[in-house]
Amino acid sequence: MRVALLTIIVACGVTIVGLAFLTTIVERKQEAKNPFFRVVELNDDTQDPAIWGKNFPMQYDDYKRTVDQVRTKYGGSEAMPRTPTQADPRSVVSQSRLEEDPRLKTMWAGYAFAADFREERGHAFMLEDQTFTGRQRVVKQPGTCMHCHASVYVPYKKLGNGDLFKGFEKMNSMPWAEARPLVEHPVTCIDCHDSQTMALRITRPGFIEGITALKAAQGVKNYDVNRDATRQEMRSYVCAQCHVEYYFKGQEKRLVYPWHHGLKAEQVLAYYDEVGHRDWVHADTGAPALKVQHPEFELWSQGIHARSGVACADCHMPFKRVGATKISDHHVRSPLLNISHACQTCHKWPEAELKARVETIQDRTYQLRNQAMDALMDLIADLKNARAAGLATNHPALVKAQDFQRKAQFFLDFVEAENSMGFHAPQEAARILAESINFARKGQIAIRDR
Amino acid sequence: MDKLTRMTKFWGICAGVAVGVAVGGGLFTFVYARGASYLTNDPQACANCHIMREHYEAWVRSSHRSVATCNDCHTPPGVVAKYVTKAENGFFHSLYFTTGDFPDPLRIKPRNRSVTEQACRKCHTPIVEAIEAHQGNDTLSCMKCHADVGHPLRGAFAPDLTTAYER
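Just so you know, the sequences run in chain order A and B. Counting in the working numbering, the first sequence runs from 246 upward without gaps. Counting in the working numbering, the second sequence runs from 775 upward without gaps.
Derived by calculation from the structure, the hints in this document are not laboratory data. Keep in mind that the hints are not guaranteed to be accurate.
From the structure, some residues in chain A lie toward chain B, with a derived Cβ separation under 8 Å [said to hold, decoys possible]:
| hint | residue |
| --- | --- |
| 1 | Ile253 |
| 2 | Leu267 |
| 3 | Gly379 |
| 4 | Gly464 |
| 5 | Arg566 |
| 6 | Thr590 |
Just so you know, even glycine gets a beta-carbon here, dropped at the ideal spot from N, CA and C.
Isolated chain A (complex conformation) (with noise of 0.2 Å):
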């Protein structure tokens, strides 16, 4: 009788794990025999996230989540309470870099990014922060900034009556604040998704005319970035439609991307010094400065990863498992909040190795970036005296010394303002860097030996 009741309980347990076992092969199965449901209907002017989640909950389940604020080491942002005002309603905001390191203050004298400048937050916010910025208030911003601030292809479209290019130029033209009620939400699907298809396209007026402007100086004619970038090049491309440097040209602000001669911090200076474009003149030295956004994409294309035929999504949007199908991850993010997907599927060496390999690099350009900074920081005191001891505005010492500290703050504002503490292109950053140092050094020269 033992030995049955014995057998009765092993029979039992056997019986239950091999249904555990089974139930999980079934649900695998099913998972993977259908990878989505189409619950709604999607079209190319479906521009609510919300609807496209029902077709794809996962990916819009990860795209929800980039209101997470989560600090690395030299990114990322921090959840700072603020009191609202009627102003500003954010109840919270991300830290000041200002305050991190006033040096920048002086680099930015007289212009907006003087009076706000704050760590970049995650895609949830891009509106929003943009919406609240203290730069709104000390200039007139114009309606260009919604090219990647908002999701703006419908609204573009809408505008033009049909047409993307007239849509993108009306809204262009218009103050900032007529053009904020015509956009709704912050990068949603349709920005990068084909509604049909789901296959990725590029939205955005300025990326489509700046890569062909760059294709054509690389001698390829007539560049039609949907019709012949590859499915890898579009997993970048999609992003650099926003991660990239730019500028507003003339009266109309219409928005360009600086890549006539190429990507390299030279290239896009060259073509600035070319038009005589400047963003605002220095209030301390009355130097033609340039502020330069967030050059990513630029970066990026220096960089070994980018050599390799490494996408930006396979970083920042890497594949994950849910169940049975694979996913990428839409909850984008710094790689360093992800290691094991966004680095070990390529680098087989444990997480707080490949930690400690960014953080090098990161510490090693943060330092150089401290160097420029000085350097910068002494060229524009140089001037400053010079200025005040009465130096005539016109005198050629002077004029050289003020394109100097043009070229030093845009090098060092090219590795400084973008997104990745060098890690994107590390040689490249340390040598822009250097750069920057010695047209620093060289303007102080030039004051000195007049």
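With chain A held as given, fit chain B onto it using these hints.
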């Protein structure tokens, strides 16, 4: 004694039913999960588990496709050793995939890594014996430099997995 016999008979039937249910359920699961395919050499069997699908697709496009199957590199030589390894890996795969508690991307275990290391030498001995002849070569590893030979998931020869899994 009559009572005892009846009790024995009752419990005997119960045990019989229980064992029958367990064996029947097990058999069903075995067939449903294409269990028999795991006894073969067919690489398709390894791709039964969705998690190996990308490795399978990469192997199909790899340089080793025409000369080696999964088992050639991932099981040791000898019938007994081969099926012991298969059983052990099969057990742990089932356990991890059922509980869902495993690292992703997958990591090979030290024992399986050494099986694969030896498998390289099965075919490539004529080339590598000169290298292996050097002293202190315990740490000499084929896979350290040729990690992508069997099923490259990245780089120029990798299959386009993105289209296989999602748009």
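Each hint tested on the structure:
1. Ile253: holds, 4 Å
2. Leu267: holds, 4 Å
3. Gly379: A/Gly379 check fails; min Cβ-Cβ to chain B is 41 Å, beyond 8 Å.
4. Gly464: Check failed: Cβ of A/Gly464 comes no nearer than 23 Å to chain B, outside 8 Å.
5. Arg566: holds, 5 Å
6. Thr590: Hint on A/Thr590: holds, closest Cβ of chain B at ~5 Å, below 8 Å.
When held up to the earlier numbered hints, the structure conflicts with 3 and 4 and fits the remainder.
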